[in-house]
Amino acid sequence: MVLSLRLGDMTLTPQGEPGATTPAARDGAVSYSLAPLLLHGRYSLDVRPERASPLDTGGDLAPLGQAPSSPGHAVPRKLDEKTHEEHLKTARAERAKLAKGSPNGFRLVSTYYQHNETFDEAMNSSYMNGWDANGVTAQMASDTHTAMASTTQVVNRTAAYTDTGGKQVTYNENAFTQHSSLMSALVYLKKNAAEGDKDRYARAKSAAEAFKSHVEDTDNTKSKTTPRTAPQIRETVKTAPVKGQAEVVGVDDDVYLDPDRYLERVEREGPGALPPGLDVEDLRHLQLRRAVILAADAAASAPVGEVYYQGSFQALIEGATVTAVPAGDRDGEDGGPGWVQADVPEPAVDFDDSAWQGEVADVARARIASMRFITVLLREAIAERVAVAARTGQPSFVRPTETGDDQTQDGQ
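Each residue of the sequence shown is one higher than the last, beginning at 0 in numbering that gives the first Met the number 0.
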């Protein structure tokens, strides 16, 4: 017998008004605390016969229901078919130039083709559903497309892009973040693959780690941008020394499979406990990717089964904060919404289990008490909705200086 938990009909209501603003580290930004947020929703605890190969979610209860997006959720910018084909032509032409230009270029292109099928599988899997980065990846692709035909336009510009949620992200930040997403996808594909098929995912992961290491050799990292034009990139590929595997800093599969353990270790022991090449922000991204991947696996599993119990749940979330750059202070722009980011603690969810009885109830309570990926997903979804509410001026979410006396408490 397999238990699954579905959540839906969720509402979030602030229990008061925001606190006073204080200056934030970012120029022109302010931070303020929100009143406690009350999360309400409905759950369904379902049971179905155990399959021959049950989904392994590491003790987490799954799957999640797929509720529609809340009003105001931004739609990511995507490339139209014509633009997409133009970008592909540029990529094909660039591969041809690299392959003919030097032994290094030939080696690079050959490595790509060697693992192309595996990368394609990862990119087309549900594990990569955050690749668009709320429109940033499409903007990066457009800049890359035009820069490769130029001798002066830099490929990795230093100016930040603004995503559909108002967040600012640099070229390098998104590139390195999506590299981590791809690594997560490859690790989970390897984990779920037949024994004889695991090696191809491991080899693709190693190749991508080597490529990342070469990029870092150009003084480009997630937090540092050294602008490069297309001719400079081609010359770098041509002259870069070949690296041995021992020179490449890779990330162990365990970090992708259980980032919670590494985050807890860092909290106990400090930054010295971080895995090589990663920071706390990276681990939180891997934590979110793990949650998304487990949810995708759960949603793809066979039918939910028979409803065993239904009821309500709630969580009181205290300590949420909002950081915002007022309109007109963002990169010299006038008007329009400012940049907004919300930080929300993981909710401690309280389920109404008063009707639960027997062995199934005992198992369900134990598994819910140990679940992590559902609360991580909830935290990210709540933070996103809070940021939208603050950016669009919803009462009880906006900056205190923007809240009029006639505004009343509202939910989002």
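Just so you know, the hints here were simulated from the structure itself, not pulled from any lab data.
Treat the hints with caution; some may be incorrect.
As the list claims (entries may be wrong) - Straight line, CA to CA, 30 Å or less: simulated DSSO-like cross-link-like pairs of lysine-lysine:
1. Lys221 - Lys197
2. Lys88 - Lys99
3. Lys166 - Lys81
4. Lys221 - Lys190
5. Lys221 - Lys237
6. Lys96 - Lys190
Each hint, compared with the structure:
no., hint, verdict
1, Lys221 - Lys197, "holds (29 Å)"
2, Lys88 - Lys99, "holds (17 Å)"
3, Lys166 - Lys81, "holds (28 Å)"
4, Lys221 - Lys190, "holds (27 Å)"
5, Lys221 - Lys237, "holds (23 Å)"
6, Lys96 - Lys190, "violated (36 Å)"
When the structure is compared with the earlier hints, a violation turns up for hint 6 alone.
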